[in-house]
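Colleague: Listed here are the chains, written in short residue letters.
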Amino acid sequence: MAEKILEIRNLTTGFLTDGGMVKATDRVSLDIEKGKTLCVVGESGSGKSVTALSVMRLIEYAGGMITEGEARFDKQDLVQKSQLDMLNIRGSRIAMIFQDPMSALNPVFTVGEQIAESLRTHKRLSKKEAWRQSVDMLRRVRIPDPEIRARQYPHEMSGGMCQRVVIAMALACNPELLIADEPTSALDVTVQAQILELLLQLKQEFRMSMLLITHDMGVAAEVADRITVMYAGAVVEEGTAADIFERPRHPYTIGLLQSIPGLEGERGGELYTIRGAIPPLSNIPPGCRFHPRCLYAMDLCRTNEPPLRRSLSGHMAACWLDDTGAEDPRPGNPNNRETKVTIGNRPEVTFP
Amino acid sequence: MTEYLIRRSLQSVLVLFLISILTFAMIHAAPGGPTQVLLAPGLSPEAAKIQAHNLGLDRSVPVQFLSWIGGMLQGDLGHTFKNNIPVGDILWPTVGHTMVLMIAAWLLSLIIAIPWGIYNSTREYGLSDQTSSFISYLGFAMPTFWFGIILQQYFALKRDWLPLSDMYDMDKQGNFGNLLLHLVLPVTVLSLGFLAAYVKYSRSSMLEVLNQDYIRTARAKGLTERKVVFRHALRNALIPIITILGLDLPILVGGAALTERVFNWPGMGRLFVDMAVAREYSVLMSITLVVSVFVVIGNLLADILYAVVDPRVQYGRGGGTAA
Amino acid sequence: MSDAKVLPPIPEENRYEPREKRAKARTVEARPEGPWKTGAKKFMRNPFAVAGLVLLLIFIGIALLAHWLAPYPPNKLDLMFPNLPAGSSGHLLGTDELGRDVFSRLLYSSRISLTVGFSVAFVSVIVGTLIGAISGYFGGWVDTIAMRIVDVMYSVPSLFLNILILAIFGAKASYMIWVLAFTSWMGVARLVRGNYLQLREMQYVEAAKAIGVSDWRIIFVHLLRNSSAPIIVTATLMVGGAILSESALSYLSLGIQPPSTSWGLMLSNAQASMLTDPMQALYPGLCILIVVLAVNFVGDGIRDALDPRKTTIPQRRLDQWRKRFSKSGI
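Going line by line, the protein sequences match chains V, Y and W.
First residue of the first sequence? That's 1 in this note's numbering, and the numbers climb one at a time after it.
First residue of the second sequence? That's 353 in this note's numbering, and the numbers climb one at a time after it.
First residue of the third sequence? That's 676 in this note's numbering, and the numbers climb one at a time after it.
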C-alpha cells in the first residue's frame, strides 16, 4: 500500500446556530496517497468545503470548529496543532485554492506582491529574490508577459488569469498537498478545461498530491485517481475512479451519474434528477440520511444508519442494499453486515 | 487621473451653482416676496421704495440673481440691513473659529475611533466592543446641545474647573493656553458624536472586509493574524471610511453649529443662528453658501483620496465609484 | 452503467409517483417559515429590541394620555413658586422659572416630539421612496436629475437649511414637519434607488414586463415588496433623527413656539435659568435620550432580525460552546 499524505478519520465539524449545534461534517474519513488525486464530489451543502477548511484549520475563522476526529498529515495530527504551528504548514506544506478567483485576490495589492508575500513568509527571501521568483511562478502557470502581469492589480485580469495567479500563489512554496475547492466552477467552460489541464500538469511538475473538491462528475472523471462521494455531511461511497464510474454501489452516486447530461444516457430522454433536495444540516433525517430521496428506501433505511462497508478491492459504500461487502470470504470479516450492524451510531471504519 | 479631477471638479461647481439657486429662490419664495423680507420693518412706503432701489430689489429676478452671484464670486458678500456692515467683515473671522473647533474635535475623534473600531472588530462582543457600542448608542441618541449644557453645569458651574463658554477669557485674548482650556468642553461634546459614528463605521467596515474571500486566502497562505489584519484587511477597510468622512461633513458642521451656540463659541454656526433670529438674510445666504463650499470641497477631496487609495477606481469613466 | 446488476429493482411503492403526490411532497418540503415570521421571532429574542419597543409604547401611551396623567395643565403659571426643586409638595420634579410644573410639561412635550418624529419619518419615507423608486427604475435623465438634486440637498448641512427656511417663513410647529421632511428624504431616496437599480435587472421584472404588467405596477407592487425591509429599518431610525432635529430647532427657538411646549424648548428655558435651577436641564434631555434610544434599539432590532446572516446567539454562549466541544489545538 502506497504511503499516505493525508489520513482523515471521523472528522466531525460543528457550527452553533440559533437552532443548536449543527454538524457540517459527520465522521468523515478519507485518505490521499502520495502523488495521487482524490476528488470529493457531492452537491453543495454536502460538507466538502467544510472538510477542506477543517484540514486547513481555517474552519475556526469561519465560525465552526472540529468536535471529533483527526487529520494526520505526514504523521502529525493537524487537529491537535495550535494555530501558531499551523502557520508553518499552511501555504508552505499544504496550500489551498478557492472557488472564485476574482474575490480570492486582495484588490489593493498587485498580483506580484501577493505571490511574493507567500515566498517571503515561508522562505524568508529578500524582496528582490521573492519578486524574481514570483515572476517565475507566473511563467510556470503559463501567464504570458509575466513581468508586466506581476505589476497589475487583480481587477485588471480575467477570471481565468486570476485563477492562474491564485494557483501560482499556492504553489510558490512547493507544497506537498494542494487542496483545490471547486477551482473551476466560477469560470467559463472553455477556461475550465484549461485550468484543469494546468492543474494536472503542475501536479506532475511539483510532485504534489491533490485534494480536489467539485460538484461536477465530469471534472472528477478527468482528474481523479480515487473519488469520495459525500452527501449531507457524510461519506456515502469511496473508491477508485473506475469503481465509482463503472461499478457505483450507492443509489446517490448512481443518481449523480445519471444526472450528467449526455454522458451515458440516451439522447432525447428526460434529464434525470434526484428527487427532492439535500436536507438542511440542522435537519438530517434519521437512519440513512439519503433515504427520503432514495428510490430504493426500505423500512430499515428509515431507522438504522448503514455502515460504510469495504469490499475486497477497497471500494466502500454505505447502503443497506449493497451486499458487496459481504463477499469477503474471510471468516469473521468485520465488514459483514451481521457482525457490523450497530443501531443509531455509525460504526467506526477499520482500515487494514 | 487629470480627466477625472476635471470632471469631478466641474460636477462640484455645478452642485454649488444649484445650491446658490436654491438659497436665492428660497428668499424669493418667502411670503410677501423679497421686498417684504429684506427690508427693515417699519419703513414708510416711500422710504421702502428708495431702499429697495438701493438694494437693487426692483430689478427682475434673474438680474438680481446674476448680480448677487457676481458679487459673491468677487468676494463681495453684500451688507447687513440693520447696520450696513459688509457681511464679509463679520463672517470671515467666524470661519476660522469654527475651523479651530471642528478640526480639533474631528482629529481627536478620528485618532481614537479608528484604532478602537479596528481593535473591536477583531474581538467582537468583548468588553471594549460593548463599551464602544454603548457610547455609540449614547452618541446617536443624545442631543449634543443637552450634553453640552450638562457638562457646563458640572465642570464650569458646580466645580469651576473649566471655563463656561466663549473662546478666550476677556483679559486673555489670543492666549493659546487659554484657548486650549476653552476648547476642552466643546471639543468633548463634538467628539462624542463623531466618535460614536466613526467607531461604528471602522468596526463594521473592518468586519465586512474580514469576511472577504481574500482574507481567507491570506490566512491560507500561512500569514500571521497580525499581518492578515494590518496588511490585508486594514487598507481595504479604510477605503469606505474615507467616503463616509466626506459624506458626513454636513452633519458635522450642523453639530458644530449647535455646540457653538451652547458654548457661545464665536463661530459660523452661532453667527448663523443669531442672524436667523435677527432675520439678516444676506448673512444667512452667505453663510449657507460658504458652508456648502466647504462641504463640497470636502466631498471632492474625499473622492480624490478614494481614487488614490483604491486601485479599482477607473478614472476615465464610471463617476469615480469602485467596481 | 447498469444499476440492475448492483441494486434490486425499485420497490413498487417507490416506483411511480403521481405528479400530484410529487408536487405535494415538494411544497411541504419547500415551505420554511417566511422571513417576516422568522424576523419577528428573532426580534423578540433580542432583549434590547424588546426593551426599546416597550419603552416606545410607554412613551406613546404617555403622549396619548398626557391630559389625564399630568397633575397640572402645562401652562398653569404659579409665579409665587418659581424654580421649586424636585420633590416639592405637589410638584414631583419641581417648577420652572415661571412656576409651571416641570413634570406636567414633560408629559405634554412627549406629544410634540413623537408627533414630529413619526410624521417626519412618514413623509420623508414616502417622498424618498417615490423619488428613489422612479429614478432607480427608469434611470437615464430622470435618474441624473434626481441624483443631482440629492447631491445638492446633501451638500447643505440640513440644520442650516432648516434654520434658513424657518427664519424666512417664520417658525411654526406645523411648518416644522414639512421643513424637516424636506431635508431628510435623501437618504431613503438613495437607498431605494440603489435597490431598484439592482432589482430591475432581475428575471422576474423582465417576466412581468413580458406579460404586460405596467411599469407603475412593477415599481409599486413587485419591487417595493422586495425592498421593503431596508425601507422599514431606515424609517425607524429616521424617527429618532427627527426627534433630535426638532429638539435642536426648538432649543434655538426656531421650532416649537410657546405656548406649545417641547423638550427642546424646555431645554432652551433651562439654559437661561441655568444658574438658579441647574436640575431643570436634566429631565427634558433625559426624555429625548430615552425616546431616541428606544427608537434606535427598535430600528437596530428590526435590521438584525431581517438580516439572515445575523444570529441571536450571545457571544458568551458561543465561547462556552467552543470550550466544551472543540477538540482542536489552540
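Just so you know, the hints here were simulated from the structure itself, not pulled from any lab data.
Mixed in with the good hints, there may be bad ones.
Partner residues aside, some chain Y positions facing chain V, computed with beta carbon under 7 angstroms [what the hints assert, rightly or not]:
(1) ARG475
(2) GLU476
(3) TYR566
The list that follows gives simulated cross-link-like pairs (lysine-lysine, DSBU-like), each with its CA atoms no further than 35 angstroms apart [stated by the list, open to error]:
(4) W:LYS1002 with V:LYS123
(5) W:LYS1002 with V:LYS34
(6) W:LYS1002 with W:LYS751
(7) W:LYS998 with Y:LYS579
(8) V:LYS123 with Y:LYS579
(9) Y:LYS579 with V:LYS203
(10) Y:LYS524 with Y:LYS510
(11) V:LYS36 with V:LYS4
(12) Y:LYS552 with Y:LYS510
(13) W:LYS751 with Y:LYS510
(14) W:LYS712 with W:LYS847
(15) W:LYS751 with W:LYS998
(16) Y:LYS552 with Y:LYS579
(17) Y:LYS579 with V:LYS81
(18) W:LYS1002 with V:LYS4
(19) W:LYS884 with V:LYS203
(20) Y:LYS579 with V:LYS127
(21) W:LYS1002 with Y:LYS434
(22) V:LYS75 with W:LYS1002
(23) V:LYS4 with V:LYS81
(24) V:LYS4 with W:LYS712
(25) V:LYS81 with W:LYS847
(26) V:LYS34 with Y:LYS579
(27) Y:LYS579 with V:LYS36
(28) W:LYS847 with V:LYS36
(29) W:LYS716 with V:LYS75
What the simulated footprint calls covered on chain W by chain Y, stretch by stretch (three residues with Cβ under 8 angstroms from a Cβ of chain Y suffice, anywhere in the stretch; the number is not a length) [as the list claims (entries may be wrong)]:
(30) 768-778
(31) 920-934
(32) 940-947
For every residue, glycine included, the Cβ atom is placed at its ideal position computed from N, Cα and C.
Colleague: Which hints, by number, does the structure contradict?
Modeller: 1, 2, 6, 14, 15, 19, 21, 24, 25, 28, 29, 30
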